[in-house]
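Knowing the structure of chain A, use the given hints to seat chains B, C, D, E, F, G and H with the ligands on it.
Chains as they are written, first to last, in numbering that gives the first Met the number 0: chain A, 0 to 181; chain B, 0 to 181; chain C, 0 to 68; chain D, 0 to 68; chain E, 0 to 353; chain F, 0 to 353; chain G, 0 to 251; chain H, 0 to 251.
To be clear about the criterion: a stretch of chain E counts as covered by chain A if any three or more of its residues have a C-beta under 8 Å from a C-beta of chain A, and this derived list gives those stretches:
no., stretch
1, 169-175
2, 252-260
3, 328-339
Straight-line C-alpha distance at most 27 Å; calculated BS3-like pairs for lysine-lysine:
no., chain 1, residue 1, chain 2, residue 2
4, F, K201, F, K190
5, E, K344, F, K227
6, B, K19, H, K140
7, H, K192, H, K228
8, E, K2, A, K166
Worth flagging that the hints you see were computed from the coordinates, not collected in a lab.
Even glycine gets a Cβ: it sits at the ideal position worked out from N, Cα and C.
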Amino acid sequence: MTHEIILSGFGGQGIMAMGKMLAEAGMQEGLSVNWLPSYGPEVRGGTANCSVLLSSEPIISPLVLEPTEIIVMNKPSLLRFEPQLVSGGHAFVNSSIIEIQASRRDITAFYVPCLDIAQELGNPRIANMVMLGAYIEVTQCLHAKTVEQMLAHLFTGAKAGLVALNKEALRRGAASILKAAC
Amino acid sequence: MTHEIILSGFGGQGIMAMGKMLAEAGMQEGLSVNWLPSYGPEVRGGTANCSVLLSSEPIISPLVLEPTEIIVMNKPSLLRFEPQLVSGGHAFVNSSIIEIQASRRDITAFYVPCLDIAQELGNPRIANMVMLGAYIEVTQCLHAKTVEQMLAHLFTGAKAGLVALNKEALRRGAASILKAAC
Amino acid sequence: MAGHVTFWEERCKGCELCVSVCPKHIIVMRAATNTKGYHPAAVERMDECTGCASCARMCPDSVITVERG
Amino acid sequence: MAGHVTFWEERCKGCELCVSVCPKHIIVMRAATNTKGYHPAAVERMDECTGCASCARMCPDSVITVERG
Amino acid sequence: MAKELWKGNEAVAEAAIRAGCRFFFGYPITPQNEIPEYFSRHMPEHDGVFLQAESEVAAINMAYGAAGCGARVMTSSSSPGISLKQEGISYMAGAELPVVIVNMMRGGPGLGSIAPAQSDYFQATRGGGNGDYRTVVLAPATIQEMTDLTQEAFDIADIYRIPVLIVADGMIGQMMEAVEWKQPKPRKLPKKSWATDGTKGKREHNIISSLFIDPKDCTLHNHRLQQKHDLITQHEIRFEEYLTDDAEILFVAYGTTARICQAAVLRLREAGVKAGVFRPISLWPFPEKELYDCANRAGVKAVLCAEMSMGQMIDDVKIALGGSKSVHFFGTGGGTCPTPAELTKAAQDALEGV
Amino acid sequence: MAKELWKGNEAVAEAAIRAGCRFFFGYPITPQNEIPEYFSRHMPEHDGVFLQAESEVAAINMAYGAAGCGARVMTSSSSPGISLKQEGISYMAGAELPVVIVNMMRGGPGLGSIAPAQSDYFQATRGGGNGDYRTVVLAPATIQEMTDLTQEAFDIADIYRIPVLIVADGMIGQMMEAVEWKQPKPRKLPKKSWATDGTKGKREHNIISSLFIDPKDCTLHNHRLQQKHDLITQHEIRFEEYLTDDAEILFVAYGTTARICQAAVLRLREAGVKAGVFRPISLWPFPEKELYDCANRAGVKAVLCAEMSMGQMIDDVKIALGGSKSVHFFGTGGGTCPTPAELTKAAQDALEGV
Amino acid sequence: MAIVYERSRGLTETEMHFCPGCTHGVIHKLVAEVLEELDIIGSTIGVASVGCSAFAYNYFACDMQQAAHGRAPAVATGIKRVHPHLAVFTYQGDGDLAAIGTAEIVHAAMRGEKITAIFANNAIYGMTGGQMAPTTLLGQKSTTSPQGRQKEMHGSPIRMAEMLATLDGCVYTERVMVADPASIAKAKRAIKKAFTLQLSGAGFTMVELLSTCPTNWGLSPVEAVGWLKENLVPCYPLGVYADKAEQKEATR
Amino acid sequence: MAIVYERSRGLTETEMHFCPGCTHGVIHKLVAEVLEELDIIGSTIGVASVGCSAFAYNYFACDMQQAAHGRAPAVATGIKRVHPHLAVFTYQGDGDLAAIGTAEIVHAAMRGEKITAIFANNAIYGMTGGQMAPTTLLGQKSTTSPQGRQKEMHGSPIRMAEMLATLDGCVYTERVMVADPASIAKAKRAIKKAFTLQLSGAGFTMVELLSTCPTNWGLSPVEAVGWLKENLVPCYPLGVYADKAEQKEATR
Ligand SMILES: Cc1ncc(C[n+]2csc(CCOP(=O)(O)OP(=O)(O)O)c2C)c(N)n1
Ligand SMILES: Cc1ncc(C[n+]2csc(CCOP(=O)(O)OP(=O)(O)O)c2C)c(N)n1
Ligand code: SF4
Ligand code: SF4
Ligand code: SF4
Ligand code: SF4
Ligand code: SF4
Ligand code: SF4
Ligand SMILES: [Mg+2]
Ligand SMILES: [Mg+2]
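So that you can see chain A by itself, here it is in the shape it has in the complex (with noise of 0.2 Å):
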């Protein structure tokens, strides 16, 4: 099993967060793991992405080059990545603010209104999460309570309560996709 994924959006909409709770969790199943964000001079509000690989083997080259899957944020990430992404591969849209579709018909796509959905919990800046849990939920990648364990050491002392916030997120996010599916 490898997971080859590109995640892409807005900087400041906490994309290399995302990533990193991927590959985090990855490890802690026992998989072989790989975060590699895209570094360019500082300017706030630029794009930012960066790539995670999850492998039952070991990981040889570090490159995503032809995603299994792609998550984007905001459209630009969408038109730049989409024609990258292996035939068959799924494309996870922020579909709060994308309001274009994806156009190839050999992926699939799944429309995930994060933004709208975090705002619905009453944090904006918690769309990552909820974006995460869908994923998790359609790869099937990773168990979401590994995910869910990890919040509990990020979140501590002062921030302990957003931790049921975070996992209300990722559940909604997963929900999210189990409605699409019916």
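Below, chains B, C, D, E, F, G and H with the ligands without anything else, positioned relative to chain A:
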């Protein structure tokens, strides 16, 4: 014809200038020439030495490791360079301040009291010219005239008066050899 | 002498510096975004504009042209 | 309290700085040279030496030892 | 030990701290800023010193001073910053000071780009500074290897009194992978009786210097250094082979490029072409004999050197093979990585060209 | 033309002035101080600028600025000072600026000695700076050749928009030999329309830069540079053979060492051993094919690379020969010169070892 | 309607890459306006340095060179010596001018090099992501001074305008800020004066401009200008630190 | 008889290579005497630089490091950070400290690095044979300013003590000379004060010592001290330029 000469003495004795005059004169006579100073960190009063190559053939290596002649203006120079002289080579010794004699039997030494002669001429700084005169007289590697003509080019204007003095020094140096030969 | 202000909207980065210096408090950020994803600045009540050019002088991205007459 | 001055002759570079600062003008340069080829400094009339150590303080090569008593 | 997810730049810093490095002098430059930043956060916890110097030149010279005191010291930078350190590295090599220097290479020449590259191979392995000196050069390909090699680097530096370079690229510096913290196998470390730490009136003064004004002394010193270099060449060669046993096409590549070559190898093997990778880990000393042996096994038809540069390691590959095999080359310069597809094609071309 | 007696360092400066160089930026260092000193006396006569910079780093960057204006510029130094210029040289190569740089090499590493050496060969030919770049490297062996090559160097720099290094050693810098001033054969020089000299409102602004932030652009730039390097390799190789026709032992040496090898050759021939010298004059581009051809003539039994270093050019010799001949080595480091006797013995040993 | 203010012809059409609200953009346009007003766009050569302003060569309409980190004054010296009659300026950040480039700026000033240094001091390394600069305030946090800059460990901020003013060759240095329309107008006057003095051959001139880095200060652009006024200005007092050309004229 | 003056134990027995009458030797022995008097020979690390004093490592009895040209303050910083309780000093010439090493000395001073810089200013590059230094006087001839230093081309001499005094971290800087027994005694007091302040942790200290270079000035040693007093002192006024540690104590 190849002369491989090492000139050595205290800083301030005009060693470098003497070497350059030899090289310049050699060049003017159509010989191949090379002048090579030993260089070190600047400290006044240390030893100074240089080598000169004069040859009717093109000069190959600039290194003078086995000189055919040495011109030594102080005692440490004699001690240092005498052993390097080729068998049958010539040593020109500033006998005004070097109280010892050359020790090798397979070489010819010329003892030139060049400082005494220079002082007689009223200028201790031309001891080197005295030595040069002696050197040329012995080796006949150059025409004394060439050097004399160079002097006319070297000392012009206010310094023109030095021409005669230097010529005299050359002649006295040469004469000292004739005397020695007698 | 009323002022008139035009914005090169595509170049606006939504920094709000112009807003903060307009003595007439007539500059606002638009709800829509430009293609770069920023909310561009705009003048709400142009008739109140004095053409003082404070906004233009402050704008780091030379987005604003001010006319008067 | 008369002074007594000794020179580490082999180390002297004949710079004459000691000569120039001795208030008693009793330091001279010797005619003979040391093995380095310098004319070393020496005190001519030691009895006039006050042991002020000006010479020693001035000497760049720490050639001079001064005693008093 | 449990695995932890570490970013390359932070892993190298943490590995240094674990190796007992308590002095870091650096200057910001992308893509290695997380190294000084990590030290700035964590050195105080270990009573260590993180100091941001006014420049790379100052940083390497601070390292000189601290290393001369016998401390374990690190400095890091990326390509143009490493260029500025060349005089200092030459001095440290000349004065025989142990230090670990990290270069997270970026595209050049000049200011170039900040994207990953391997175009400082010459500088690292031949010494971009003046004079005859070598630095041990270690090139990890994974974050795990980076942590292991960094820890070993300090021992190597101390044992031979020599600067050790860890060279990687911006990609390795920025990526995260799983790390299991290991202790390097213990080696006997010499006492640093040469260090300047105050004579306390109990010994002659110690001197740290690269100045040998008498050429005879300087020549002698060069011969001593050469003996040391020979010793290192005997003992410190590191390399790895990947599916080389039956390979007909042999990639030679290091660091990130070696990993991409491995991906190409799998593709080639799927297509029925037997491919393998010879990966030098120590770039200096270069595994010359080892590469020769590997390339001269029965099956090898062609050797393909791949670099994220226009061709630098290829010199060492050619020297190692001494004409025994034809050497092909695939390179990308300035900050782009080769793709497995490009390498696959290059390998096929090389085989056809035989 | 009459011959004149010139000191190496002064000859190089005078040759630059004759080549139209009007800007020199430098910093004192032995054994090349006569270069800046000569310029300080003579640049004013030609309305030229001699400026002593605050450091070698500043000097190379002043050269960058002036070269960017289209001027003919020189800077010079000796080994440690050249180390400090590495970043700047990399920048100039990246920005494609013509400049002539002189390195009168001295013993290293570090502060080393001030005696003659050839231990910056790697630095010169591989670029001690970051990134993939080359500089043309010319190595004269006599003062005559130094003046000729210096004048040519400016043309080469302009034609290819590339830094050109003149490398020699302290001995060549300090010695005097006869010089006959010649004009280099005229070459077509491109117009410097890229230079920054004020747009005068008549053209788009010109930009001098080595920054290509998009790795794709940087890669493209690297490929362009590579093409230029290939072109130079085609056109600018220089070398000399000395009694090679029937040689059984072939010395490979450059600069001063080549002259000493020639002396050894004469001794060997006196002793009945047929010896010759292959002397690369352009160290980069290295006369690879030419050396191969020379060494693979019927009679050659062994090749002996001789350097005033612990072994640097030998890499290029090995690459050139590709295993076709065994390569022996004789080197002295740190500031001593090999003697004809030592070289003679090394040649005899090499022949026996065959 | 008459145009009161429009984009300067001293700038190219290229869009600037600076973060939203970064006052590098303001400084750029002030320099551009001065070039335009003095009518020297065609006879000026600018030198971009390494920092967020590295791409300045794309933005100024005059000829430009891009210099190595800290070396812009040396590059500018090379240029000025070739073209003594053209205007030459450097555009440098505080990391560039006050850290790695200290020797070059000090010696350009000492030589009285006839150039103008435009010194954008934002008390941080912007380009590389917010590391401590020699100009970082005591107590100010940065990615390499996570506890805030400490006097004992890092020393106190360096004041370049004051330091360079001690040099005879430095004929004019003024510290200004670009925090509101009034201070921006004043900053422009300083830049204009510097260029004018340069062109008159007076000597080395520098304008130090206190500037914001909203991104690495972690503030909104509007907050950042406020922070500048409240925190940077007390440590870096505005004013003229050297004005020797005037003195000269006064004594004449 | 009691010994009034003898060679300091702070010096080794090694003979110094300086030219006859060069006052580098005087400065060496003053430092040695201070080390001896403060009883810190065994707990001091000195840093030799590049210049005629490059071999200082052979002459001082304490542990020594030899630094690259201009980088002694950086090397000293590295040492001091490892050994905060030892005394650390640099010995630098004017070419070393005021030209190539400008950035390093300025930043050591800015950081308030607890080291003492012994700065031997002889207004020339001695070691390399008499080239112009940034400290060379206007009109002074050197091998690279054969017409004499000219303000228009080379700028005016740099005054390091004054310049560094503008930095908060620089707690003590004094300019002295070593031209006669009285000034030598004063110079020694300054050096002792600098070391004492360093050891008390006050910050960066520097003593600038006007020194002679008879060889490259083309004067006899005795003439050279005279030239120093007549020509160097007017350009480089003697005196204390920073004494912030005292101020501190005064305000306490
Ligand atoms: C030799 C070298 N060292 C370091 C860098 C990395 N670098 C790029 S920009 C920068 C700092 C810029 O800070 P500053 O000059 O204050 O400019 P700002 O970005 O804040 O405007 C550094 C250290 C480099 N490019 N070259
Ligand atoms: C990087 C480098 N540049 C230049 C030199 C050559 N160099 C040796 S000493 C010196 C100048 C010394 O002058 P100063 O510091 O004033 O000391 P002084 O000899 O006058 O005491 C120079 C330029 C060097 N060794 N290294
Ligand atoms: S010109 Fe003046 S009044 Fe008009 S919008 Fe701009 S700032 Fe406001
Ligand atoms: S100041 Fe300029 S960029 Fe900022 S919001 Fe206003 S118009 Fe837009
Ligand atoms: S101690 Fe004083 S009086 Fe005696 S010799 Fe020395 S300087 Fe003269
Ligand atoms: S000062 Fe010292 S070295 Fe000079 S002459 Fe006197 S004793 Fe000799
Ligand atoms: S990082 Fe800071 S200085 Fe750089 S562009 Fe962004 S806000 Fe401006
Ligand atoms: S050259 Fe000058 S500074 Fe150097 S030792 Fe001689 S007199 Fe002293
Ligand atoms: Mg900044
Ligand atoms: Mg000096």
